[in-house]
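Undergrad: Residues per chain, in single letters:
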Amino acid sequence: MIRSLPRSKKYNFTFVLFVILFYTFLFAPLVVTCVLAFNNSDFPSLPWNGVTLDWFFANDAHRVGIFHDANNLRSIFTSVKTAVIVSILSLIVGTFGAFLFEQEEFKFKQALYFLTLAPLVIPGVILGISILLASNSVGLFIEERLGFEAPLFAPGFWLVVLGQFSFITTFVVLVVSARLKKFDRTLEEAALNLGANRLQVIWYITLKYLKPSLIGAGTVAFLMSFENFNTTLFLVGSEPTLPINLYLQVRDGSTPVINAISFLMIVFTSFLALINLYFSKNKD
Amino acid sequence: MKHAKLGFYIFLIPVILWLFLLIVIPHIDLLLMSFKSENIYGKPTFSFANYKNFFVEPIYWLTFVRTAIYSIIVTVITAIISLPIAFYITKVVNTKFSRFLSILLLMPFWVSELVRVYGWMILLRESGVVNHFLLKLGLINKPIELLYNDVSMVMVLVYTSMLFMVVPLISVMESLDDHLIEAAYDLGASTKDIVFKIIIPHSKPGLTSGAIVVFMLTLGNYLTPNLIGGKNSLWFTEQIYTQFIASFNWNQGAAFGFLLLVLSTVIIWLGLKVTRQNLSKVVQ
Numbered sequence: 072m073i074r075s076l077p078r079s080k081k082y083n084f085t086f087v088l089f090v091i092l093f094y095t096f097l098f099a100p101l102v103v104t105c106v107l108a109f110n111n112s113d114f115p116s117l118p119w120n121g122v123t124l125d126w127f128f129a130n131d132a133h134r135v136g137i138f139h140d141a142n143n144l145r146s147i148f149t150s151v152k153t154a155v156i157v158s159i160l161s162l163i164v165g166t167f168g169a170f171l172f173e174q175e176e177f178k179f180k181q182a183l184y185f186l187t188l189a190p191l192v193i194p195g196v197i198l199g200i201s202i203l204l205a206s207n208s209v210g211l212f213i214e215e216r217l218g219f220e221a222p223l224f225a226p227g228f229w230l231v232v233l234g235q236f237s238f239i240t241t242f243v244v245l246v247v248s249a250r251l252k253k254f255d256r257t258l259e260e261a262a263l264n265l266g267a268n269r270l271q272v273i274w275y276i277t278l279k280y281l282k283p284s285l286i287g288a289g290t291v292a293f294l295m296s297f298e299n300f301n302t303t304l305f306l307v308g309s310e311p312t313l314p315i316n317l318y319l320q321v322r323d324g325s326t327p328v329i330n331a332i333s334f335l336m337i338v339f340t341s342f343l344a345l346i347n348l349y350f351s352k353n354k355d
Numbered sequence: 102m103k104h105a106k107l108g109f110y111i112f113l114i115p116v117i118l119w120l121f122l123l124i125v126i127p128h129i130d131l132l133l134m135s136f137k138s139e140n141i142y143g144k145p146t147f148s149f150a151n152y153k154n155f156f157v158e159p160i161y162w163l164t165f166v167r168t169a170i171y172s173i174i175v176t177v178i179t180a181i182i183s184l185p186i187a188f189y190i191t192k193v194v195n196t197k198f199s200r201f202l203s204i205l206l207l208m209p210f211w212v213s214e215l216v217r218v219y220g221w222m223i224l225l226r227e228s229g230v231v232n233h234f235l236l237k238l239g240l241i242n243k244p245i246e247l248l249y250n251d252v253s254m255v256m257v258l259v260y261t262s263m264l265f266m267v268v269p270l271i272s273v274m275e276s277l278d279d280h281l282i283e284a285a286y287d288l289g290a291s292t293k294d295i296v297f298k299i300i301i302p303h304s305k306p307g308l309t310s311g312a313i314v315v316f317m318l319t320l321g322n323y324l325t326p327n328l329i330g331g332k333n334s335l336w337f338t339e340q341i342y343t344q345f346i347a348s349f350n351w352n353q354g355a356a357f358g359f360l361l362l363v364l365s366t367v368i369i370w371l372g373l374k375v376t377r378q379n380l381s382k383v384v385q
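Quick mapping for you: the protein sequence lines, in order, are chains A and B. Sequential numbering from 72 applies to the first sequence in my numbering. Sequential numbering from 102 applies to the second sequence in my numbering.
The following block holds chain A by itself, in its conformation from the complex:
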């Protein structure tokens, strides 16, 4: 059964086999994608024709590697820009939320907390369309009543930012609250008794304590924004983010350049995930 109990050979064998199959299932698509990014063939499929770095660096008549592919590079830049802004915004509001729910008492707190959790159970597609509709209503209102066009409320960069911010903030609230729960509030009281005001206490003591979880929440927010598809799909304008851009290419037939981009994304996200892991381990 478990570690401390005797286990039959058959039990061990079937269990290990199941786990190996599971991990194969988990990594097969990622490994295949990465390997084929280096295949010297015009299609992302086998047979293996030897190693090439063309899909990263080439720039000739029939092969354009990712580093020369203006369209894809632009979408990577858009994604990074979006993710940076979304993580900063959601980190600020999410941290305020964590303080609000952990340290303050007020009427309707339970109801407000319930609303905060709502984005967890609203499908991303619905968040996308509801924000699209609402901002369109606002845009129309401004155009009709005030007489000027408001491009800010049409699908585009800022609407994508708002859409992602709307649900990523919830995750920040949860991550930061978890850490704030363990905070010893007598430290705050001591500082208050020594003459600090509330904001000084938060700045010099509580936020210092929260730092690892803020970094953790920041990387999670960045990654969630970077890979978001469902909400972004409805809000995107003429500047597609990387997942949207890749989707259009995959749908219309793929080249190994997509594998090269995927390879870079896998390396990059694993790196960020490790940073996140490092900081969340330091927490306890």
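Bear in mind the hints are in silico, worked out from the structure with no lab data behind them. What you are looking at is a predicted structure, and each value in this text was computed from that prediction instead of being measured.
Taking lysine-lysine and the DSS-like style, the derived pairs with C-alpha atoms no more than 30 angstroms apart in a straight line are:
{"#": "1", "chain 1": "A", "residue 1": "Lys-178", "chain 2": "B", "residue 2": "Lys-106"}
{"#": "2", "chain 1": "A", "residue 1": "Lys-279", "chain 2": "A", "residue 2": "Lys-253"}
{"#": "3", "chain 1": "A", "residue 1": "Lys-180", "chain 2": "B", "residue 2": "Lys-305"}
{"#": "4", "chain 1": "A", "residue 1": "Lys-252", "chain 2": "B", "residue 2": "Lys-192"}
{"#": "5", "chain 1": "A", "residue 1": "Lys-180", "chain 2": "B", "residue 2": "Lys-106"}
{"#": "6", "chain 1": "B", "residue 1": "Lys-197", "chain 2": "A", "residue 2": "Lys-253"}
{"#": "7", "chain 1": "A", "residue 1": "Lys-80", "chain 2": "B", "residue 2": "Lys-197"}
{"#": "8", "chain 1": "B", "residue 1": "Lys-374", "chain 2": "A", "residue 2": "Lys-252"}
{"#": "9", "chain 1": "B", "residue 1": "Lys-197", "chain 2": "A", "residue 2": "Lys-81"}
{"#": "10", "chain 1": "B", "residue 1": "Lys-106", "chain 2": "A", "residue 2": "Lys-279"}
Following the hints, position chain B against chain A.
TA: Using the frame of chain A, we list chain B on its own:
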């Protein structure tokens, strides 16, 4: 502790703005839009036409029912595969490997869903890697199309949401005291009894939170049904997308969106009621 009023409002206002401007008002707008339609003069009027269309056109409600049933199937399969994996990692494998295995488990979770789905496409398609090996081994003599059917779609849906089930299960199983299993074993309980009377009841909170997230993500998924399921496997999110982007019939799309939201809320609510849990406990 007496709190400074100022601090309280600094926390409260951004949170209120976020929740009302980006969650509450857009969803009210979604509901209002779904009851609007154009009369014969092209003027917007209040009507139930959008909801009527849903029930009159079999393709709409059939897709809706299909999406719900498949999402439940995916959730159940995910739970069945994840339980033994979580059990193995927390209770069976040598503690040295346990941490390594759980880190390994998290890696694909960080990689964009698009990349993972794309990986499955190059594995499964007619010129894909799986077909290549099947041909090489002589098991088949001409390539078969493994994409664009419901079985592959369910498999990839399980794949994309798997980790949201495994992670909460690992955390509940870590809190299960080994002595309980040892005691049961010493008293002569069978493996089946231990699994159904100790392990599964103890894992219930993790199972519920995993099931909610997996169900919600599957129901609202757009990429996998679209890219793996193909033209034959309709998904309700695709209907929403068609109404919004292709037909530009936002009122109809809003009605569909609202129906999807109601469906996910009702099923999640039922799930919580049946297992006697509440949302704020589940997400922790």
